[in-house]
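Protein sequences appear in the order of chains Z and V.
Taking this note's numbering, the leading residue of the first sequence gets 1, the next gets one more, and so forth.
Taking this note's numbering, the leading residue of the second sequence gets 1, the next gets one more, and so forth.
The set of hints was computed from the structure by calculation and includes no laboratory data.
Glycine is no exception: its CB is placed at the ideal position from the N, C-alpha and C atoms.
Heads up, a few of these hints could be off.
Pairwise CB distance ranges (calculated) [as the list claims (entries may be wrong)]:
id : chain 1 : residue 1 : chain 2 : residue 2 : range
1  : V       : Leu215    : Z       : Tyr40     : 17 to 23 Å
2  : Z       : Ile69     : V       : Gly372    : 30 to 36 Å
3  : Z       : Glu172    : V       : Leu215    : 50 to 56 Å
4  : Z       : Glu46     : V       : Lys141    : 37 to 43 Å
5  : Z       : Lys26     : V       : Glu361    : 35 to 41 Å
6  : Z       : Pro134    : V       : Glu162    : 28 to 34 Å
7  : Z       : Lys38     : V       : Ser359    : 31 to 37 Å
8  : V       : Arg132    : Z       : Asp37     : 33 to 39 Å
9  : V       : Ile529    : Z       : Glu172    : 56 to 62 Å
10 : V       : Lys141    : Z       : Ile69     : 52 to 58 Å
11 : Z       : His94     : V       : Asn129    : 30 to 36 Å
12 : V       : Thr366    : Z       : Asn76     : 39 to 45 Å
13 : V       : Phe228    : Z       : Leu35     : 37 to 43 Å
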Amino acid sequence: MLWLLFFLVTAIHAELCQPDAENAFKVRLSLRTALGDKAYAWDTNEEYLFKAMVAFSMRRVPNREATEISHVLLCNVTQRVSFWFVVTDPSRNHTLPAVEVQSAIRMNRNRINNAFFLNDQTLEFLRIPSTLAPPTDPSVPIWIIIFGVVFCIVIVATMLLILSGIRQRRRENKGPSEMEDTEDKWENTITIENGIPCDPLDMKGGHVNDAFVTEDERLTPL
Amino acid sequence: MDEARPLWATPLQFVFACISYAVGLGNVWRFPYLCQMYGGGSFLVPYIIMLAVEGMPLLYLELAVGQRMRQGSIGAWRTISPYLSGVGVASVVVSFFLSMYYNVINAWAFWYLFHSFQDPLPWSVCPLNGNRTGYDEECEKASSTQYFWYRKTLNISPSIQESGAVQWEPALCLILAWLLVYLCILRGTESTGKVVYFTALLPYCVLMIYLVRGLTLHGATNGLAYMFTPKMEQLANPKAWINAATQIFFSLGLGFGSLIAFASYNEPSNDCQKHTVIVSIINSSTSIFASVVTFSIYGFKATFNYESCLNKVILLLTNSFDLEDGFLTVSNLEEVKSYLASAYPSKYSEVFPQIKNCSLESELETAVQGTGLAFIVYTEAIKNMEVSQLWSVLYFFMLLMLGIGSMLGNTAAILTPLTDSKVISSYLPKEAISGLVCLVNCAIGLVFTMEAGNYWFDIFNDYAATLSLLLIVLVETVAVCYLYGLRRFESDLKAMTGHALNWYWKAMWGGVSPLLIISLFVFYLSDYIITGTLQYQAWDASQGQLVTKDYPPYALAIIGLLVASSTMCIPLGALGTFIVRHLKRGDTASVA
């Protein structure tokens with residue numbers, strides 16, 4: 001009698017959980033791709049953990065807090081590793097609607113992934129699209145900051161070059177007229193030492209030095 | 001009669017200026033493409049022959065003319081013969097067109113450079129779609145690097161007719177690029193002479209770093225082997241020779257007047273023959289060097305894509321047949337495929353259409369040139385390297401240096417005739433002239449930042465300079481040899497530098513080079529005439545790839561205008577001088 005009941009239960013379960021059954025989802029794991037040498041073997045204990053995670057996700061949905069691990073059915077486990085699962089209601093006669101299961105899994109996807117050391121690509125729920133992480137957009141795009149820095153540097157350097165060019169040209173324009181003034185000044189200055197004007201010899205033409213000219217006759221008579 | 005003309009502080013500055021002008025983006029993105037298309041290692045044969053026969057003689061001619069006449073292009077050609085003032089004007093017009101569109105490339109390089117300081121690089125991931133369940137559709141169909149180029153950088157419209165609005169981000173980058181160019185040319189040779197140390201040397205540093213990095217990348221040897229295996233049958237292909245000649249011609253930047261401008265600031269006793277040989281050999285070696293780097297990067301990218309393709313096939317088969325994860329590897333892929341085909345024939349035939357035939361050869365054969373190579377292919381390779389931000393910054397900084405170096409030459413070609421002219425330089429100081437030229441170019445260049453701007457860029461890139469330059473250089477060579485007189489020029493050079501002119505140069509100038517240019521000219525003309533309507537590649541956002549479209553009539557008119565406005569200057573200049581002289585002779589006759 002007990003065996004009959006057991007067979008009946010498994011038969012019903014088998015009917016509820018089948019590939020492409022209503023409200024059933026296929027799961028695919030790529031353990032070796034994700035973990036390489038550290039890949040663990042997929043056995044019934046891992047399946048138990050999976051059932052627990054799905055049950056946990058369903059318990060967080062309002063009105064489904066009574067979901068137990070035994071309500072999650074797995075079937076058709078292949079070598080891939082891939083399998084199908086359904087979640088039944090407490091009466092174990094009907095499966096929960098796909099939409100509810102989908103939203104529950106989506107909301108807790110991260111925790112399910114972490115329980116198995118996998119990510120969205122290596123633990124796939126077919127027909128449950130994962131929410132992709134949006135790229136973090138800073139308030140001011142980075143490129144504008146760098147652009148602003150380079151722009152300011154170039155403008156400052158240009159201004160400096162232009163201004164120094166203008167200053168140089170002004171100095172050149174003043175230069176020739178200044179040169180003429182100083183030459184005139186040199187001709188008009190008379191050096192004065194101790195209050196006595198000194199006349200440099202070469203400025204006043206030639207002067208005969210009287211000290212050396214005594215008499216007319218300097219020549220000794222024959 | 002002229003107050004001291006500004007001179008280069010050392011001859012080294014002149015050599016660096018020429019190198020920095022000649023070594024430009026064409027060495028990086030056109031030569032590797034040509035090498036790949038026309039037989040790999042065997043392309044070097046026509047390339048070197050054309051360098052010796054066409055490149056060096058024409059370069060020497062321009063440098064010698066500039067150094068002898070000591071004026072910009074307009075004044076130099078007017079001195080050679082008053083009927084040739086049109087040649088100088090044509091050079092200035094072509095340089096003007098070139099500087100208009102060339103600086104847009106620098107603007108794009110700035111844009112990518114500023115975006116390289118993010119983690120992850122913005123062109124390595126696709127943006128998310130509206131409800132965050134997947135990626136943006138256009139990005140999925142194309143690739144993330146293509147999406148970033150066509151949508152984020154250019155925001156390209158589907159065809160040239162839909163101009164769209166000016167995009168403010170590239171416009172800002174363009175303004176910055178022009179400000180930088182203005183800063184470099186502000187003081188004439190004084191400032192340019194110092195900047196060329198950077199623009200000439202820094203790209204080589206970056207290329208060296210990239211060479212070391214490139215050769216150590218996984219799969220680089222595939223690319224190098226592919227490039228350097230000579231395909232000797234390509235030597236018989238006339239297109240290989242024509243493209244080698246064209247590449248040498250445009251790579252050295254002949255005919256724009258920049259080389260004449262640079263040489264005019266030289267000491268008359270400068271040995272320009274030695275400098276010619278140095279500059280042309282360095283230019284060609286840089287092309288070959290850059291293609292080694294490019295091909296190791298190609299090899300890396302091709303190998304990476306090939307391996308991803310294989311991994312996708314493996315994943316597809318593993319998922320369809322629920323095989324154990326890790327069972328299918330690259331080595332046993334073929335056996336397992338045949339086993340599956342025999343064991344599960346119906347299921348296999350369902351899956352079969354989705355299995356792509358991954359081939360390393362087809363990945364390597366995707367030859368790209370131009371902006372596509374620089375901004376799409378290279379960025380794709382960079383995003384897969386470690387520390388990709390560093391490589392990205394280095395790469396775009398190098399592109400910027402190459403571009404700015406060429407811009408210095410272009411603007412020198414425009415400014416030197418303007419500052420030489422007594423009329424203009426008496427009213428305005430040279431800072432103001434430079435500023436005006438930069439402002440006008442920037443304002444017109446904003447056209448290229450519109451949504452259809454890239455299509456106009458391609459028009460300018462393909463048609464503004466090609467035919468006109470060939471004609472200009474042909475007229476230059478014929479004028480110096482036959483109008484001015486080869487013997488007279490030879491004695492001028494001897495008096496100037498002290499060396500006699502080698503017979504080789506005389507033979508080339510007199511016969512071989514003009515014949516080569518005429519044949520190139522005829523080839524280009526016949527090519528345009530045979531292909532009939534001109535077409536362009538437009539980006540189709542819905543398919544995520546380029547499609548070919550015809551140019552509308554007004555675009556064809558503008559192309560015709562571009563070519564005509566520079567080539568017509570030559571006959572118009574001669575005609576104008578003739579009329580003026582005729583009138584003067586008429587006046588003197590009536591007075592007497």
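Hint-by-hint comparison with the structure:
1. Checking the proposed 17 to 23 Å range against Leu215/V and Tyr40/Z shows it is violated: the Cβ atoms sit about 40 Å from each other.
2. The beta-carbon spacing between Ile69/Z and Gly372/V, approximately 57 Å, falls outside the hinted interval of 30 to 36 Å.
3. The beta-carbon spacing between Glu172/Z and Leu215/V, approximately 55 Å, falls within the hinted interval of 50 to 56 Å.
4. At roughly 38 Å, the beta carbons of Glu46/Z and Lys141/V sit within the given window of 37 to 43 Å.
5. Checked against the hint of 35 to 41 Å, the C-beta distance between Lys26/Z and Glu361/V comes to roughly 37 Å, which is consistent with it.
6. The supplied range of 28 to 34 Å is met by Pro134/Z and Glu162/V, whose beta-carbon atoms lie about 31 Å from each other.
7. Restraint check, Lys38/Z to Ser359/V: a C-beta distance of roughly 34 Å satisfies the suggested window 31 to 37 Å.
8. Range check, Arg132/V to Asp37/Z: about 34 Å between beta-carbon atoms, so the 33 to 39 Å window is met.
9. Range check, Ile529/V to Glu172/Z: about 58 Å between beta-carbon atoms, so the 56 to 62 Å window is met.
10. The beta-carbon spacing between Lys141/V and Ile69/Z, approximately 44 Å, falls outside the hinted interval of 52 to 58 Å.
11. A beta carbon spacing of about 35 Å between His94/Z and Asn129/V agrees with the range 30 to 36 Å that was offered as a hint.
12. Distance hint for Thr366/V and Asn76/Z: a CB-CB separation of about 43 Å, consistent with the stated range 39 to 45 Å.
13. At roughly 41 Å, the beta-carbon separation of Phe228/V and Leu35/Z lies within the given 37 to 43 Å, and the hint holds.
The structure does not agree with the numbered hints 1, 2, 10 stated previously, though it agrees with the rest.
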